[in-house]
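Asks: Each chain is listed here by its residues.
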Amino acid sequence: MPNLKPLRIGLVCPYGWDAPGGVQNHVRDLAEYLIAQGHSVSVLAPAVDEDSLPDYVVCAGKPIAIPYNGAVARILFGPIAFARVRQWISQGNFDLLHLHEPGIPSLSLLACWAAEGPLVGTFHAAAKRQKAIFAIGPILEPVIEKLSVRIAVSEAARATLSEHLETDAIVIPNGIYGNRFRNGRAKKEWSGNTIGFIGRFEEPRKGLSVLLAALPIVSRFAPDVRVLIAGPGNSEDVMKDIDPQLRSRISFLGRLSDEGKADFLSSISLYVAPNTGGESFGIILAEAMAAGAAVVASNIPAFDSLLGGGRFGALFAREDSADLARTMIDLLRDDAKRNSLALAGQEQAKVFDWDTVAEQIFSVYEMAIVGSGSVGLASENRSWSRLLNRDGGQT
Amino acid sequence: MKAGLTFGIILLSVLWYLSFSATRLDRLHHRVETSWANLDGLLQRRAAIALELAHSESADPASSLLLTAAAYQAREASIDNRSEAESGLSGALGLLQNDLASQNNAANQELLRELSALTQKIRVAIAIHVDAVNRTRTVRQKLIFRSFRLAGTAPLPVTYEFEDDVL
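Line by line, the protein sequences give chains D and A.
The letter at position 42 of the first sequence is residue 47 when you use this note's numbering, and the numbering goes up by one with no holes.
The letter at position 4 of the second sequence is residue 363 when you use this note's numbering, and the numbering goes up by one with no holes.
Rather than coming from a laboratory, the hints here were simulated on the basis of the structure.
Incorrect hints may appear among the rest.
Stated by the list, open to error - Mimicking DSS-like on lysine-lysine, the simulated pairs with C-alpha atoms at most 27 Å apart in a straight line are:
(1) K355/D - K192/D
(2) K10/D - K480/A
(3) K480/A - K355/D
(4) K193/D - K342/D
(5) K10/D - K192/D
(6) K355/D - K342/D
Keep in mind that this is a model prediction, so the values were computed, not measured.
With the hints as constraints, model all of the structure from the sequences given.
Replies: Quick look at the structure:
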């Protein structure tokens, strides 16, 4: 990446830094990538434990857990947080602010309200049209409008944005460190006719029940099939609904480390993402593809576009266990087909490499800072204050 | 007394909202101007690269003529037919790009690399500019902006029709 001069970049993460989540991972990876490129980066985020933060993160306070959009969101707002945001902006002397998820009531929205100058916003979420948006739309609109450039992480997120706020965005996918996954070491205990699943499996929208409902049929055609489930959750609740004869086919691995995840994805034959909806991007699919697993995913819009409509991974009708079983059997029994799908996926996964993605983000930064000064506080630039100054000068 | 206070508060909030809206529109106008200046600069740079490619030794006369004509058209086009001229240049560059890339000419390879970096930037710049123009036009159509003439004497930005496949 040709860097003419290092920039001072402020990133705002709306969700609690200590809680796991796609947005937090994205902000962390992006911040570390930009720092490695020689830029100075400061991240403003809510956090519970202020002492364990990396030195580029500034804590804005403790997040509040509230139900939002069908899940619990750890976000932060209020007058004290707003004061912290203003302080961070005025002291940071940034060339550019990159706000993540500025459409939700958290730090990014506050920063968007408080700041003036080159602002870039990234929209991660994809959601169905909500009635509430009619009420907040008019308030949100002038704020979101301040963003010089809007980025959506997927076509689904872009559609959500244009539906909710009637504004367009440039699509730049989420990034992964592809090498970590390409260099994952296949482990014997996870190899063979194995089907992998990673995620908080207790959440219905992750769709584990769809996968488990397909298992009886699959095990008839592929007797040595095994399902490996990684992720936090209570496995007993899941196991008690399973046919006792099939229980030995299912293992729970608990939560995996980053390294463990790469090894896991490099070992398994098939990675299955049976999500029923609510996904905006599907970073785990990109990771599985990079690691060389053949991917089978439900045909929700985000996965459909990530898998190129089926070219880089197989799609099945969402919530349809019979269709999932058919797709899995087809791939498990045909090694050539599975391998060519995995290879196509691995090749495609390169577009999600941070090297590629960060370069795209950086070219957006370059466009955003053209012709504008650095980031300041909005109130210093209001037209009435300029008007008052002018009047004062005339009289 | 009470009525006066209420009236005062309402008046103040109306004034605040008007000032807020004026700032908002001012920001949009500013963005239209800067994004256009930026896009224009990038397109000029592209035309210059096209001319350099046309005048390079390895270009055959036919492609050289084609590129030169397209580049001059793009440079001299007025705002109304600018889009068409730029599309023409994109087309000419697209036609010749494969031919030029297959030649082992170091200078040309360098130009082509710069061209592809530029193309990426132009794409973003177009998106930003089109968005700024559309946004400004939408906002200016709103009742409050029209009735209080918040746009002042600023001209209505021209929609610049770029087709998606322009590059």
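Asks: Kindly indicate which numbered hints from before are broken by the structure, ordering the numbers from low to high.
Replies: 5
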